[in-house]
Amino acid sequence: MKKIWFVILAAAFFLPLPAAMAADTVSVVTKEAVKEWMDTGPVTILDVRQGRDWTASEVKILTAQRVDPGNFSAWKDTYPKDTRLVLYCA
Amino acid sequence: MKLIQPFVPAALSLGIAMSPDTLVMLGNIAGHTGYLSIGLLLPAMAVFMVFAAMFARLEAHTADTASESRLIHDSFGALPVYLPFLVRVYAALFLSTGILVSAGFVFNEVFFPWFPNFGFAFLLLAGLLLIHLAPASSWSGIQVIFVLVVVLGMMLLMVPGLWGGEQPMPASPWKRVPDPGFVCLPFLLWIGMDLGFFAPSGRKTLSRSLILAVLGAGILFALWILVFIRHVPLDRLAHSTIPHLIAARHAAGDSGRIIMGLLVIFGTLAAVNALFSACRINAAHMAGRGLLPQFLSKRAVVPLFLSSGIAGMMAGGMAGTPMLESWLRAAWILWLVSLALTGLAFYRHHRQPFTLAAAIVSTAAGVMVLLTGGNTVLILKLSGLMLGIALLTGAIMKRQHRA
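So the protein sequences, as listed, match chains A and B.
The C-terminal residue of the first sequence carries number 161 in the working numbering, and the numbering is unbroken.
The C-terminal residue of the second sequence carries number 404 in the working numbering, and the numbering is unbroken.
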């Protein structure tokens, strides 16, 4: 019985590992493409990192604006329609 | 290995103090209070020295770490007995989740950008779990090595930090607003000093080890405040989330950044290993006294439980939410309260006025941290919830003992 508990707990520990290692299937954009967009029209870079994802990171884009991704409806209409929004998360 | 054993209590005591979060807090305190921050360290250091002496005396009387629970039980009854143990568990869950993720970012950004940050955080956690599942007590020797690497690294960076490096960065015009919150924050820097009480070896010199750990940490903190102020403008220090990386990079260039990157990773290992070890031994001794179920005395159970909780929180994205910091702040406040509780219980039995004073100051510092750190209502609710769980556990166990 005790061995079963150990197996369950060990499985619970290792289960999230592949999920954390795998990249999500979201469309990404290269920095070259963003630079090209910036040369041709208005672009706003939004840093959507929260908590430690933001505080622990040394890499922060100076001109990026921080927004809460969980509160999308609060800020989605604050940018002009012709501005391309680039969401930055890592 | 025998050579290392006498240093295990000090290494456990210094575990949390060596975490990257402590360096961030130290930088922010220095930014808000300038050179005054060195003076602000003194009352906190004095309080923790009293607590260190108290734990050493508890050991001298009974040679049993469950004596802490018994002392609280004799003074205040069964209800608050589980508070010190559960506070350590809360900190193990929330601090470990935060600093493992921070270490993952540092590994990714400083060393290997191609390696996933979360993957590294999970690898660190898995490595620590394996150390605790291994049959030998290798965790204690490894703890000494983790702490030694961080202390030596901090001292190494102090050389360019105090005497060399580039010109100070230009400061932006910023009028410092006195913030009473930063007067009490130094009390959080020494949290975890009581973990040395759970060392399985080196107990003959426990008193000396704990007091030297408090003093040594104080000296390191004071010198690092000087490094911070010398290299980073106060306005940037006060608000930065990575003041340690900025100071190290400015003091010693890319080498400083790499050394600080290693310090963050080893400091994380030291803190998580210290918390895992203390929680495991604390649980085993309490189970031995009938205060917890017997299965918790098995060496693998507590590390597996903690690792599963941390892995679940990391995978669930807890570190990527501001809530983690609120949980952590609530745990720190309860830790101060728990130390005060043990201090008051000790005073009732031994009539040591210093312990009473330390308990009062520790409680006041906890209240100040709660009132001045922002999100007061939320943190009060979270502290209340964690305290409620501890009291409920006490009530359930009391009922089981009666039955």
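These aren't lab readings, by the way, just hints derived from the structure by calculation.
None of the values given here were measured: they were computed from a predicted structure.
Mixed in with the good hints there might be a few duds.
Quick partial rundown of chain A residues pointing at chain B, CB under 10 Å, derived from the structure [to be verified]:
| # | residue |
| --- | --- |
| 1 | A104 |
| 2 | E107 |
| 3 | I116 |
| 4 | R123 |
| 5 | W125 |
| 6 | T126 |
| 7 | S128 |
| 8 | E129 |
| 9 | S144 |
| 10 | A145 |
| 11 | K147 |
| 12 | P151 |
Label pairs and their calculated CB-CB ranges [to be verified]:
| # | chain 1 | residue 1 | chain 2 | residue 2 | range |
| --- | --- | --- | --- | --- | --- |
| 13 | B | H350 | A | V130 | 23 to 33 Å |
| 14 | B | F113 | A | A135 | 48 to 58 Å |
| 15 | B | F113 | A | K147 | 32 to 42 Å |
Even glycine gets a Cβ: it sits at the ideal position worked out from N, Cα and C.
Taking the hints in turn, this is what the structure says about them:
| no. | hint | in the structure |
| --- | --- | --- |
| 1 | A104 | 19 Å, violated |
| 2 | E107 | 23 Å, violated |
| 3 | I116 | 18 Å, violated |
| 4 | R123 | 4 Å, holds |
| 5 | W125 | 7 Å, holds |
| 6 | T126 | 4 Å, holds |
| 7 | S128 | 5 Å, holds |
| 8 | E129 | 5 Å, holds |
| 9 | S144 | 18 Å, violated |
| 10 | A145 | 15 Å, violated |
| 11 | K147 | 20 Å, violated |
| 12 | P151 | 29 Å, violated |
| 13 | B/H350 to A/V130: 23 to 33 Å | 54 Å, violated |
| 14 | B/F113 to A/A135: 48 to 58 Å | 24 Å, violated |
| 15 | B/F113 to A/K147: 32 to 42 Å | 36 Å, holds |
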